[in-house]
Amino acid sequence: MSATILENLYSELDIAVFATSENDLFTCITTPPSWLLHFYPTINKGSHLSQHELPDFLQHFVFDAEDHWQRKQKGQLKSGLWMEEGSAGSEYLLEATAILVDDDRLLLLNVIDQDHSNRQEKQLMRDNLLTQEKLELEVHRRTQQIREREEEIAIKLIAAAGKRDEETGAHIRRIGLYSAEMAKELSWPQLLIDDIKLAAPMHDIGKIGIPDNILQKPGRLTEAEFEIMKGHASIGGDMLAGSDIPMLNLASVIANGHHEKWDGTGYPNGLKAEEIPEAARIVAIVDVYDALVHKRVYKAAFPEAEALAIMDEMAINHLDPSLYRLFISIIDKIREIKDQNQDDEI
Amino acid sequence: MIQKKICLLGAFAVGKTSLIKRFVESIFSDKYLTTIGVKINKKTLSVSGQDINLMIWDLEGEDDYTKINTSYLRGAAGYILVADGTRPETLNTALSIHTLVQDLLGNIPAVLAINKADIEDQWLISSESIDNIDKNLTVIKTSAKSGANVELLFSTLSHNMLPIEE
Numbered sequence: 001m002s003a004t005i006l007e008n009l010y011s012e013l014d015i016a017v018f019a020t021s022e023n024d025l026f027t028c029i030t031t032p033p034s035w036l037l038h039f040y041p042t043i044n045k046g047s048h049l050s051q052h053e054l055p056d057f058l059q060h061f062v063f064d065a066e067d068h069w070q071r072k073q074k075g076q077l078k079s080g081l082w083m084e085e086g087s088a089g090s091e092y093l094l095e096a097t098a099i100l101v102d103d104d105r106l107l108l109l110n111v112i113d114q115d116h117s118n119r120q121e122k123q124l125m126r127d128n129l130l131t132q133e134k135l136e137l138e139v140h141r142r143t144q145q146i147r148e149r150e151e152e153i154a155i156k157l158i159a160a161a162g163k164r165d166e167e168t169g170a171h172i173r174r175i176g177l178y179s180a181e182m183a184k185e186l187s188w189p190q191l192l193i194d195d196i197k198l199a200a201p202m203h204d205i206g207k208i209g210i211p212d213n214i215l216q217k218p219g220r221l222t223e224a225e226f227e228i229m230k231g232h233a234s235i236g237g238d239m240l241a242g243s244d245i246p247m248l249n250l251a252s253v254i255a256n257g258h259h260e261k262w263d264g265t266g267y268p269n270g271l272k273a274e275e276i277p278e279a280a281r282i283v284a285i286v287d288v289y290d291a292l293v294h295k296r297v298y299k300a301a302f303p304e305a306e307a308l309a310i311m312d313e314m315a316i317n318h319l320d321p322s323l324y325r326l327f328i329s330i331i332d333k334i335r336e337i338k339d340q341n342q343d344d345e346i
Numbered sequence: 001m002i003q004k005k006i007c008l009l010g011a012f013a014v015g016k017t018s019l020i021k022r023f024v025e026s027i028f029s030d031k032y033l034t035t036i037g038v039k040i041n042k043k044t045l046s047v048s049g050q051d052i053n054l055m056i057w058d059l060e061g062e063d064d065y066t067k068i069n070t071s072y073l074r075g076a077a078g079y080i081l082v083a084d085g086t087r088p089e090t091l092n093t094a095l096s097i098h099t100l101v102q103d104l105l106g107n108i109p110a111v112l113a114i115n116k117a118d119i120e121d122q123w124l125i126s127s128e129s130i131d132n133i134d135k136n137l138t139v140i141k142t143s144a145k146s147g148a149n150v151e152l153l154f155s156t157l158s159h160n161m162l163p164i165e166e
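Keeping their order, the protein sequence lines are chains V and R. Be aware that the first sequence starts at 1, since it is given in my numbering, and climbs by one per residue. Be aware that the second sequence starts at 1, since it is given in my numbering, and climbs by one per residue.
A few of these clues could be false.
Calculated lysine to any residue pairs in the SDA-like style (CA-CA distance at most 20 Å, straight line) [what the hints assert, rightly or not]:
#  : chain 1 : residue 1 : chain 2 : residue 2
1  : V       : K272      : V       : E225
2  : R       : K42       : V       : L93
3  : R       : K21       : V       : E85
4  : R       : K42       : V       : P55
5  : R       : K67       : V       : E150
6  : R       : K42       : V       : E91
7  : V       : K134      : R       : I119
8  : V       : K134      : R       : K42
9  : R       : K4        : V       : V62
10 : V       : K333      : R       : E89
11 : R       : K31       : V       : E133
12 : R       : K67       : V       : E95
13 : R       : K21       : V       : S90
14 : R       : K42       : V       : D312
15 : R       : K42       : V       : S90
16 : V       : K122      : R       : Y32
17 : R       : K4        : V       : D64
Source of the hints: derived by calculation from the structure; they are not laboratory data.
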């Protein structure tokens with residue numbers, strides 16, 4: 001290919017080509033394209049530039065280029081894009097390529113995206129990504145708001161249902177929070193953690209179906225009375241069952257299963273060990289804890305150490321021993337929830 | 001005079017270029033103009049009685065389609081990670097980049113800037129998330145818009161890059 005054709009080719013491609021040798025001078029071997037004159041107004045074909053006259057980015061790239069040439073690597077080494085400001089203040093997006101042709105060490109410089117179409121496309125893409133992000137955050141915020149409203153409504157209704165015995169709003173709230181903390185520690189998906197936070201407080205909703213004389217009896221229940229009282233588990237389970245709402249289905253499972261016992265001696269179905277749904281096993285533990293450390297009409301509040309000693313015994317047969325160990329491992333968080341959600345009257 | 005190369009890294013549109021413009025030119029614009037590739041700015045500042053000529057590499061931000069060109073990081077003496085307080089995912093991006101750079105360059109000085117402190121009431125990055133950040137990483141709340149802590153950001157990194165006198 002003749003030199004003229006090559007010259008014309010470089011001109012068409014708007015490329016500046018520099019050749020360098022071991023003396024660190026860069027010689028321009030093509031007619032400088034117009035854009036290069038914005039950086040070097042007096043440059044001509046044959047002009048030399050020393051390394052420190054190169055733009056800062058190129059000085060950095062030349063370090064890698066030297067390595068490429070010295071190792072006689074085949075192919076091109078590209079610098080990546082960089083933005084350089086010309087003498088008139090306008091910006092140019094440039095790219096350099098180091099290449100070894102025979103033994104000639106060449107540095108090709110070219111302008112990328114002269115018409116800015118690439119840049120505009122990228123700007124549009126990122127503007128759209130930002131808008132999408134904002135929309136997603138707004139959806140999340142509003143969903144969270146709706147969730148919080150539902151939670152508040154549910155807590156108020158459950159507390160109203162529990163007014164007949166000692167199910168205070170704070171107790172109900174604590175059961176939800178304890179259960180959510182356990183679920184989090186078990187690495188449940190966040191959606192399910194949110195669900196159990198709302199579902200767990202409903203575990204005793206079946207007490208609506210228990211007569212006052214039994215529910216509010218201050219003393220020990222007779223065998224017959226206890227049998228009636230036991231009915232609250234399946235009453236609650238039935239009340240909450242059959243919904244399309246996953247949270248309510250979870251609440252149904254919890255209501256039905258929170259009096260089952262690890263050794264199979266619980267009620268209503270005598271389920272044993274892992275036959276008992278995990279959510280019910282969680283609530284069984286936190287409900288016992290909360291009852292023990294708070295005052296009831298039939299007892300004073302136990303100090304925590306005493307409550308846990310009682311629960312240690314229960315973990316042999318009645319509570320899931322593995323979940324109980326998990327509960328103990330997060331007892332600091334449980335205690336914090338207890339302290340931050342103290343009993344009050346609605 | 002000491003010369004140090006530093007890089008600004010982070011997700012796209014967190015304010016890397018704005019922080020640099022505030023620091024170097026004392027200007028700010030609300031208009032978001034995305035950076036392509038890298039742009040180098042320079043500023044000299046005085047730290048502990050020494051003049052440091054900072055070569056500030058403003059790298060294109062990361063998005064789902066664009067990751068850091070690690071060749072740009074070579075020779076960096078320190079770096080600034082930037083997150084946007086109103087966009088929680090940008091903190092995760094900044095911390096991922098921190099891990100990447102540490103693997104590549106070792107334990108060179110770094111500072112994390114959580115930008116847009118002028119609208120901190122609208123932040124979605126929680127105090128808890130910030131408290132959970134590795135204590136070895138200095139965190140500074142900045143605002144390129146108001147200028148708050150921008151000088152502090154660059155001077156803190158510069159100070160950390162100075163050799164320790166025996």
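The hints, checked one at a time:
no. : hint            : in the structure
1   : V/K272 - V/E225 : violated, 25 Å
2   : R/K42 - V/L93   : holds, 18 Å
3   : R/K21 - V/E85   : holds, 14 Å
4   : R/K42 - V/P55   : holds, 12 Å
5   : R/K67 - V/E150  : violated, 41 Å
6   : R/K42 - V/E91   : holds, 16 Å
7   : V/K134 - R/I119 : holds, 15 Å
8   : V/K134 - R/K42  : violated, 34 Å
9   : R/K4 - V/V62    : holds, 18 Å
10  : V/K333 - R/E89  : violated, 27 Å
11  : R/K31 - V/E133  : holds, 18 Å
12  : R/K67 - V/E95   : holds, 18 Å
13  : R/K21 - V/S90   : holds, 16 Å
14  : R/K42 - V/D312  : violated, 66 Å
15  : R/K42 - V/S90   : holds, 18 Å
16  : V/K122 - R/Y32  : holds, 12 Å
17  : R/K4 - V/D64    : holds, 18 Å
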